[in-house]
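Enquirer: Sequence:
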Amino acid sequence: MKQRLAIAALGLMLSACQAVGPDYTLPDEAAVKRGDLQGQIAGEGSNVVSAPVPADWWKLYNDPRLDELVRQAMASNTDLRVAAANLQRSRYQVQQAESAGGWNAGVKAEAQRLQESGEAFLLADKVPVANIGSVGISTSYQFDLWGTLQRGIESAQASADAAQAAADIARITLVADVVRSYTQVCAANEELAIANESLELQGQSTKLTQRLRDAGRGDETQVTRSQTQYKSLRADMPRYEAARQAGLFRLSMLLAKPLDQLPEGTSTCAELPHIAQLLPVGDGAALLKRRPDVRQAERQLAAATARIGVATGALYPDISIGATVGTVGILDNLGTAPTNRWGFGPLISWTVPTNGARARIHEAEAATQGALAHFDGVVLNAIRETQTGLAQYTAQLQRRDALNEAGESAKEAADQTHRFFQAGRASFLADLQATRTYTDVRAQLAAANTQVAMSQIDLFLALGGGWESGRTQAAQASKP
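Heads up: take any position in the sequence shown, counting from 1, add 187, and you land on the working numbering.
Derived from the structure by calculation, the hints contain no laboratory data.
For each residue, glycine too, the CB sits at the ideal point set by N, CA and C.
Fair warning: there could be bad hints in the mix.
Quick list of the computed label-pair ranges, beta carbon to beta carbon [what the hints assert, rightly or not]: (1) 210 / 527: 46 to 52 Å; (2) 249 / 423: 28 to 34 Å; (3) 550 / 300: 26 to 32 Å; (4) 433 / 390: 23 to 29 Å; (5) 249 / 422: 18 to 24 Å.
Using 25 Å as the maximum straight-line C-alpha spacing, the simulated DSS-like pairs for lysine-lysine come out as follows [unchecked claim]: (6) 598 / 394; (7) 476 / 220; (8) 246 / 476; (9) 418 / 444; (10) 418 / 246.
Work out the full structure: start from the sequences and follow the hints.
Expert: Right under this line is the structure:
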């Protein structure tokens, strides 16, 4: 009767138990739930559209060479390999957490020539030396009465999700770096060509000024000023080549390939990648769901919350039930009735919580508050980065458009001056100066176009697009 009551009490305890610690729910005070962060993103203008951000946004440039660069980077980049290894490790940690508790089994076999102590058995005589052996099988089942193991699984799974988000961050950062480096190479080549043209025109102007001085129609000051401008332009030339080389070296690093194995035409690209449509930016709610750093911070908060339950579980006993069967005795007699043994029953192990267990709970609670604050900060930073990117992109477009108008005016002035020169109504020097002015404006416009292109890349990075396509490509690359 007592045994039945004990079994009934154990069953009642098993049915009534629940996981210790708080269940994870997104706090109501979390910044991600703020209504003002869910709608239209501040800073939007007529140059963008509230459409979903494409997973492969770099294909909006319609540049096959750029597509190939991104594809190769996704397949071989070292940062992605690190992220993949970290993700795999986190998944094994989940498996480890899931394997804790539950059924365990073991087998033990032993044989030895043994001299036992007689006094250990309260015998005055010496115990004979004998060949002793033992064989045993044991099994046990650990109950997760308090949900401690379940909280450990929740923590490990949330950490694995955070590792997945970290891998997604690595993907979108890689794509942005590849596009930025390729753009840098193209921009440097384009600006170098314009600078060479401007240098040639200034050289012609300097020679003409010298001839005018020699003919008595000019002075040394004009020659010196012209030579100074020529030398100043020439001094700028190395920086374009340095920018080009820096972009190529970065592409080589990102793709993990030597320079001569980059896609054909990469080093000679002289036209900026261009998007011929309005940029899709979506809304605030879609942004916060898409950004992998927001997802990573939210999963870190979930993991920290689960660890409160793990720490709380240390206050309660571990309860398991086990059984053993085996044989112990002289080797020749193993398996006979006198040597056989068996047993089963419950086991309760409880360490009285006096060694900082409650302090560890408070530590886990404080860590959760810190994770919530970090999550809020990441959300607010995601909105700020996007708003700033939109504002900078709009400003760069306005500057580019203004310079484009200035370029049209300078071209018209240069054409008009050249017609006057051909008609004998303007000097050759005036014709050169007008052409030089037009070339200077072209150089400014090329630099402005570069800044617009870089702002586009920064904006796409802030929008968080590109990790979905990256997962697909990475999975395909890993297949034999």
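Enquirer: Indicate, hint by hint, whether the structure satisfies it.
Expert: Do the hints match the structure? See the list:
1. 210 / 527: 46 to 52 Å: Holds, at about 49 Å.
2. 249 / 423: 28 to 34 Å: Holds: the Cβ-Cβ distance is about 32 Å, inside 28 to 34 Å.
3. 550 / 300: 26 to 32 Å: Given about 52 Å between the Cβ atoms, the range is violated.
4. 433 / 390: 23 to 29 Å: holds, 28 Å
5. 249 / 422: 18 to 24 Å: Between residue 249 and residue 422, where Cβ atoms are some 37 Å apart, the hint is violated.
6. 598 / 394: Between residue 598 and residue 394 the Cα gap is close to 23 Å, so the pair holds against 25 Å.
7. 476 / 220: holds, 12 Å
8. 246 / 476: holds, 22 Å
9. 418 / 444: Distance ~38 Å between residue 418 and residue 444 Cα, so the pair is violated.
10. 418 / 246: Roughly 41 Å between the alpha carbons, so the hint for residue 418 and residue 246 is violated.
The earlier numbered hints that this structure contradicts are 3, 5, 9, 10.
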